[in-house]
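Starting from the known structure of chain G, fit chain Z onto it as the hints suggest.
Each chain, letter by letter, is given below.
Protein chains: 2
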Amino acid sequence: MIKKVNSIISASWIFTADKNNTLLEDHSIVILEDEILDILPTKNVFDGYEANEVFALSEHIIMPGFINNHTHAAMSLLKGFANDVPLKSWLEDYIWPAEKEYVSEAFVKDGSLIAIAEMIKSGTTTFNDMYFYPNQTAEAAVEMGIRANIGLVVMEFPTNYASDPDDYLKKGLDFRDQWRGDGLISTSLAPHAPYTTSDKTLNTIGTYADQLNMTIHTHLHETKEEVENSINQYKATPIQRYKSLGLLGPNLMAAHCTHVDESDLNLLHQNNVNVVHNPSSNLILGSGIADISKMLDLGINVSIGTDSSASNNRLDVLEEVRLAALLGKGLNHQPEILDSKNVFKMATYNAAKAMNKSKMIGSIEPNKKADIVAINLDSIFSQPVYNPLTSLLYNGNQGGVDYVWINGTIKLKSGQLENIDLDRLKNIAKSWKAKIKKT
Amino acid sequence: MIKKVNSIISASWIFTADKNNTLLEDHSIVILEDEILDILPTKNVFDGYEANEVFALSEHIIMPGFINNHTHAAMSLLKGFANDVPLKSWLEDYIWPAEKEYVSEAFVKDGSLIAIAEMIKSGTTTFNDMYFYPNQTAEAAVEMGIRANIGLVVMEFPTNYASDPDDYLKKGLDFRDQWRGDGLISTSLAPHAPYTTSDKTLNTIGTYADQLNMTIHTHLHETKEEVENSINQYKATPIQRYKSLGLLGPNLMAAHCTHVDESDLNLLHQNNVNVVHNPSSNLILGSGIADISKMLDLGINVSIGTDSSASNNRLDVLEEVRLAALLGKGLNHQPEILDSKNVFKMATYNAAKAMNKSKMIGSIEPNKKADIVAINLDSIFSQPVYNPLTSLLYNGNQGGVDYVWINGTIKLKSGQLENIDLDRLKNIAKSWKAKIKKT
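Residue numbers (our numbering), protein chains in the order written: chain G, 4 to 442; chain Z, 4 to 442.
The hints are simulated quantities; they were obtained by calculation from the structure and are not laboratory data.
Each hint should be verified, as a subset may be incorrect.
Pairs involving identical chains hold if they fit within one copy or between any two copies, as the list cannot separate such chains.
DMTMM-like mimics (lysine to aspartate or glutamate), calculated; alpha carbons at most 20 Å apart, straight line [said to hold, decoys possible]: (1) K436 / E62; (2) K440 / E231; (3) K438 / D96; (4) K436 / D381; (5) K6 / D50; (6) K174 / D185; (7) K246 / D264; (8) K91 / D41; (9) K344 / E265.
So that you can see chain G by itself, here it is in the shape it has in the complex (with noise of 0.2 Å):
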C-alpha cells in the first residue's frame, strides 16, 4: 500500500544530528504535513510513497536546518553602521543614539524581515531573538515563514519601547499571552543582561520563570569589564550573582561567556546552563574569544550565534561554526577538537536543548518538524569531497545553501526565496539607511 505525502527529498548525504551524529548516504526524507514521517533508502522510498513533490538532489547534503541562537534582528537596519570603533564610542556614539532616534515598531518590523531573508538564504530556520517590539518581530517572522524564539527583554533603563522593567515585563508578558499556540513563535524571558537589569528585576523573572516554566535568554561575561565591574559592585561575577538570585539553570540560555574563571565554568556546568557562543561579535568588538572547548568537555550544553547585524556583520551561521571550530583548534594547538560532527551539532541539536525544543526540531529524525536545509557541494569550491561534513564546515559557503524547508513549507528552492520579494526588502534597508545616515 503506497501512502500519499507531500514532499520527498533524496539526497547524497543526510547529516541527521541524531544522538549517534548520523549520517546517512542516498537516503530520502518523507514530508507529511508539517513533520518528517519517514527516513529511508532512496532505492526503498517509491515502493512505500508518492509525493506531490520529489527534490532528487545528488550534489546535496542534508542538514537539520540551522538554528541561530543568539540574535537581534531588527539590528540589520544598523548592519555596518559603526564598525572599526572603539566600544564605548561604538555604544554611546552610535548605536544608543540611533536607537533612540529610530527604533519603532516600524524599524523592528522592517529590520526583521531584512534578518530573516539573510537567514533563510544561508540555511538558517529558527532564531532565538532578543530586542524591542517584540511583537514586530514574531509578525515578521510568521510573515516570512521561519521559526522563532522571541526573548522579553527587560532592562532597568527606559527606551522607546517600555519605560521601567514593569513595563518591559508587562508588555513581553501580553505579547507572550497573544502568540500562545502559534506554530512558530515561542518565548523566553529576557534579562537584558546582569549589568542593566537589578537584583530586584532578576528576582522578578526568576519567578515568573519557575511559574511559567519559561526559558530565558540574557547576555552573561560578554566583556571583561562586565565582570570587573560586577565585582566591584557585588563583590561577585555576574555568573555567581546569577547563582544566588536563582537564575542558573537548564533553562538559562547565555550568550558570550567569553571571559569565565574555573569557578565560574563550573558553576555553568554544575546548574546546566546552556552557553551561546557568538565568536565573530565577540571578535569584531573585541571582547575576546570563549574557549567553548573546556566547555564542551565539562559537558555544558554549547550553541552558536550570530550576534547583532551590527556586530558582526552576518547573520550566517555556516560562518560562524567554520569560526568556533578554527578558533577552538587554533587556541588550544589541537587541530583534531571540534569536528565538523561536534561544531555542526552546536547549530542544530544543542540550540533545540537550549531552547527546550528538542523533541521539535534540531535533528533529522521521524515526528520532528520538517525544517530542513540542502546545501550543494557540487562547486568548484567544494570539488572534490573527500567528507561531505568537513567539506561544508571548511570550505563550504552560503553560495552553496540551495534549499531550506521550515516547518514542511519550501522557502527557499534552488537559491532563491519563495513568495518573498527582494528588492522590496531592499529597498526598505535602502530607505531607511538614507534616513539613519542623516543623523
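Chain Z alone, transformed into the frame defined by chain G:
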C-alpha cells in the same frame, strides 16, 4: 580629441589602495591594452574617451585585484582530504603519503587549474605559489590568464619532483630561464622551511638571491615546535638562524610567523622582512595566531595568504582578510585596530610590495597593470551600505564578486568565468578524488 581605449569601468566606489588609501565615489577607470590609463570622475569620462566596452557598475565597489601571497595551488586536489586530525597524523598519515603517491606533472597542472578557477571567482588576480613542478603551475596560470609568482622550491629530502637540493635548484632555475619575460609569470627562490633546508642549502640560496636579485619565499616560524626544535639543534630560533645566514632582508617573504618573541620581531622589523599572514591555515592546523597588529605597529609589511586547500580549505582572500581583522581586534581587545582600509591594503598593495612588484600591481593608479575586481554590494547580505569598505570586509562574501580583469583582460563577467569550462574542471577534481580516495 577623444581617445580610443579598450574598456571603461564606472563604479559607485573605487578603493585605490594608493598611498593615501583613497576611496573614490562615482569614478571610472580607463583601460588601454593591459594598463590603467586614467582614473577620473564618471561624469567626465566620455568627454575624453571612447571604449570598445563600457561597464556601468552602479552597485559595485572596485578594488585592486586581490593578491594571495602564500599558496600551494596544486594541493586543491587534496582539499578536505584530511581535516580534524592531529598535525603529525595530518602530515605523516595523509599529506606526505598522498604526495608521494600522486604528485606528478599532471597532478600539479590539474590542481593548479582548479585552484585558479576558485581564486578568480573570489577576486584574486595574482598568487604567490610554492610547490613542485613549477612549470605546470605556470602553464595553468597562463592558460587561465592569472598572474603568478612561482617559488622554486628547494629542500633536502627527495620527492617525485627532485632528488636533492642541487637538483631542486637546477630544475627551478631552468624553469625560471624558460619563462623569463613572460607577462604573467615571475619567480622567487623558495627554500621550503628552516627545518627542511640545511645551512649549506640556505647559503647557496642566499647567494643566488643576491646575484640574480631575486625575492625569496619561505615558511618561517609556523609552529611552536619548529622554533623549539631549532633552538635545540642550532641554538637559535629559525629567524635568528636566517639572520646569521644573511637571508633576512626586504626580498624575503616569510609565511606564518605565528610564534615570534620580542627579539625575533625586532629582527623581522630591522631587516624589513615581509610577513605573510595565513590566519585560517594557522588555526585549522592548530599552529596558533600571528599577532600582526604588533607587526603593523612596528611598520613591518604584512600581507595575506590562504595557504593550501589542504589546510584552509578556501583560497578566498575576502574570508582571510575578514578573519585577520577579527582576530587582531579580538586578541588585543581593540575593535578599532586592523580597520577596513588597512586590511584591504594587506591583500593588495602590501602583497605587491612584498613581491617587489608594487610599481606594477597592488593599487589602482595610472600606468599600473589593469588587475581589478568589482564586487556587488546590492545583495540582501550587503544592504544597507553605510560604508562600502566595512560592508565588503565584514559582511561581503565571494558571492558578490562579479567582475575580474587581469592584465586588462576580463576573466570574470557577471560572476561567470570567461572562456573557462567549469564542468571540465569539476570533472578533473572528481576523477583525481576517485583515484586518491582508494589509497
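Identify every previously stated hint that the structure contradicts and give their numbers, smallest first. 2, 8, 9
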